[in-house]
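Visitor: Listed below, chain by chain, are the residues.
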Amino acid sequence: MQFEMSTFIPVMPEIVMLVAACVVLIVDLFLTERTRLVTYALSLAALVVTGATIIATAGDPVVSFEGSFVRDAVADVMKIGILTVTGFAMVYAKDYLVQQGIYRGEYYTLALFSVLGMMIMSSAYNFITIYLGLELLALSMYALVAFNRDSMGGAEAAMKYFVLGALASGLLLYGISLFYGATGSLSFAEVSAAIVKGNIQEDILVFGLVFIIMGVGFKFGAVPFHMWVPDVYHGAPTAVTMLLGSAPKIAAFALTLRLLVDGLAPLFTQWQEMLMILAVISLGIGNLVAIAQHNIKRMLAYSTISHVGFIFLGFIAGTDDGYGAALFYTVVYALTAAGGFGVLAMISRRGFDAENLDDLKGLNERSGWLAAMMALILFSMAGVPPTVGFFAKWFVLESIIRVDLVWLALVAVFFSVIGAFYYLRAIKTMYFDKPIDDQPLEISADSHVAMSINGVSMLVLGMFPTALYTVCRAAFG
Amino acid sequence: MIDWPLLSTVVWLPIIGGALVLISGDKSPNVSRWLALLVSVLTFAVSIPLYTQFDNSTAAMQFVEKAAWVPQFGVNYYLGVDGISMPLIILTTFITILVVIAGWEVIQFKPSQYMAAFLMMEGVMVGVFAALDAVLFYVFWEAMLIPMFIVIGIWGGPRRVYATIKFFLYTFLGSVFMLIALIYMYFQSGSMDVLAFHDLKLNHTEQVLIFLAFLLAFAVKVPMWPVHTWLPDAHVEAPTGGSVILAAIMLKIGGYGFLRFSMPIAPDASHTLDWLVIGMSLVAVVYIGFVALVQSDMKKLVAYSSIAHMGFVTLGFFIVFMIMANPAATSGAELGVQGGMVQMVSHGFISAAMFLSIGVLYDRLHSREISSYGGVVNTMPWFAAFMVFFSMANAGLPGTSGFVGEFMVILAAFRADFWYAFLAATTLIVGAAYTLWMVKRVIFGEIASDAVAQLKDINAREAFVLTVLALAVLILGLWPAPLIDVMDVSIHNLVQHIGVSKL
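Chains as they are written, first to last, in our numbering: chain D, 593 to 1069; chain A, -18 to 484.
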């Protein structure tokens, strides 16, 4: 096998990220807690430089490394989204880590490696590559969830996450092996071509597909593979929940897109039906159970589950419009979720972890600005115009009505109304209740700026959704 | 001036002004108050040319602005007004000034947020009336909920949280189905242009489904019986300013929706289902009138009377189909719609005045119970004069604006069927009964308690607000021609349009 230097150009962003993560790992060894700001700055710089590399090396779609790696517009959009959202999360996390006494360099190293895993997933073009990316992400996340090693809850959550995650990976691998057995290839293009040829027994394919859908459902946190989501979101330190609940949704989107759309498009009707079931029960269970939650992290976990239902709707449409809308939805959701958990991190302080609805009480009186940002974020999650969440929902509904699945759209809006209730309840707690906690909030300048950008972007993207949508839609030609 | 984007100014000036008021903060409340007043007066001033430069002779949209917004889905930033929406925009900008003044000293808790919420709401409501693109309309329609939700929730009464969440969810539930209907029509017509929807051919089943989706959204907003239950709660718990905006403008948005969407888009379904809407309206007029009679809370009483009055509006709109179906009645279909429109504007003034009057009492005694008062005329003669006048208007006394709209609708109902007119006319008795009985118990009689004996008459600020409204009610009652002239051509065009079957 002979490599030319030009084959490395499409993977330049991944190489940069890998090098940066290693540099951060090594540099941090020589730093103390007081000088850890260097790690923080280097990590943010790593994200920025990687983003710049993506933009600099963008071009026509290329498949390289013997058909195992693809560099196309969708991959670039997803990667930029992952980098941006992780950047926000890292900024919000810093003060929280300091206050909770877990301000260590490993947080940044592991986060950067998880980003690398997500980037690989975004560009995967065969089953092994996607599995590699997935495991790199998952292993970093398992470690991060247990990051506060003195926390019983954290350890428990990490254990649950690890066991269930390993199980899901096993199921996914089993599904992959069935396809490998049936088609004799691991490359998406070849598997797809072999299925189209049609001399493979359909039972085997559907059997394998079921396992792959399970893996996808688990990674996305769709019902009935959602059990880990609330426990892990709740148990992990907020700074980690922030990482876990935001950018990995884009990675899960990548996983679904690459596996189902690129790899198994000929089985569209089969996986469409399966996703329909997952989508409807995710919308239902997610929204209904969220109402019963008084812990915000759990509430947001169930809200994630319902949002996953919406993202699946875009896949169910099975058109480029649908995929574009789902990508838009995912990116917007990831940004929104990072902001939501960011607010929680900002309300926390030394020895106090804000995670209950009551901790939001009277936030408007304590900090009108933070309450306004959180309100924008929650309204966006609820899908109320003029925030961007409305357009995300609308684009998805549009694509689904276009393929004559009006009933599915009605189910989705029905559950959205139910969902609006618990978002409103959180807003109500912030605005209408008296504070029970009068400690002034200490928010550092960088978090302040990042949160302002994040919150106001909900409004700005809501008023001018065209630019982002054009990018997402154009990625699918 | 022709090229100046007048409508955009009226929409965005209060929103940006509201943002400035919000930023000004609560360190010096007077700064935010004066700034809010300045913005609201400026907005009203800017909206005046909409009337003076309006061309009465055409039903086409005027002051049109159009720019691409989300081109992939054929969505435009498309604004324009005709004779139906223009009066409602002026009503909005006018009432907002009064609300800002009325909240001047009363609101001590975070006044900048209070003022900002009302200014932003003003811009958004003008946007609802001016939007000619379905998505733009929907965005404004929903965005309107956010400031109102916050106003009721922060500055409201004891059960404000329940009331405001109920208000939000009711409206939200109603409107999401409208969104599905809008998307469906987008696929049929290829654009989100409301005027294109008007000309869109739809078969009967499609029309019925779309009509029902719209009915759900607008009936909640109006509100019509039996989805009215959020309104008394919201009104009772809202601060005075919130009640005023809610009654004077937000309810009108539901009525406006029928004229702009339901009737022209689905004329055949409107015709088939006119009995439903007329039935719901008559129940509102008669039954809700009796419900109002037994209320012991003044705000609740006025809230129920609002529902009854809005019943007249929807009755006037949908009686048109009955008149057109009645071979004996050759003309007069327009009268119903005109009456409904006049009733909307008039109710905007009167309900605002009623809620402001109750606010005046509430600020002094902190009670809305009728039984807490009695003999107010002895200590507050000026106020009593205003209150009696507005109550008369609410009961539909000839010479006030309340009479004009009701009379036109009843006349129109006669052309359809005697019994409709008969039922509708009972409101003249029931309405007089509940309003005047309340006045009797609150204003007249012996001084009921020491608290009432201590009352001070209205100050200059309150007197100004009530005088302005009293003049508006009188002028519209004695000389409604300027309003009717403006609407005439647009309504004529609308009635002609809905008279033509789409099948």
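Just so you know, the hints here were simulated from the structure itself, not pulled from any lab data.
Quick caveat, the model's predicted, so the values are computed rather than measured.
Mixed in with the good hints there might be a few duds.
With a Cα cut of at most 20 Å, we get these calculated PhoX-like pairs of lysine-lysine [stated by the list, open to error]:
#1 D:K1026 x A:K421
#2 A:K421 x A:K281
#3 A:K421 x A:K182
#4 A:K91 x D:K953
Visitor: It remains to establish, for every hint, whether it holds in the given structure.
Guide: These are the hints, each one checked on the structure:
1. D:K1026 x A:K421: Violated - the C-alpha atoms of K421 of chain A and K1026 of chain D are around 40 Å apart, more than 20 Å.
2. A:K421 x A:K281: 17 Å, holds
3. A:K421 x A:K182: 55 Å, violated
4. A:K91 x D:K953: Answer holds: K91 of chain A to K953 of chain D is near 17 Å, not above 20 Å.
Checked against the numbered hints above, the structure violates hints 1 and 3; every other hint is satisfied.
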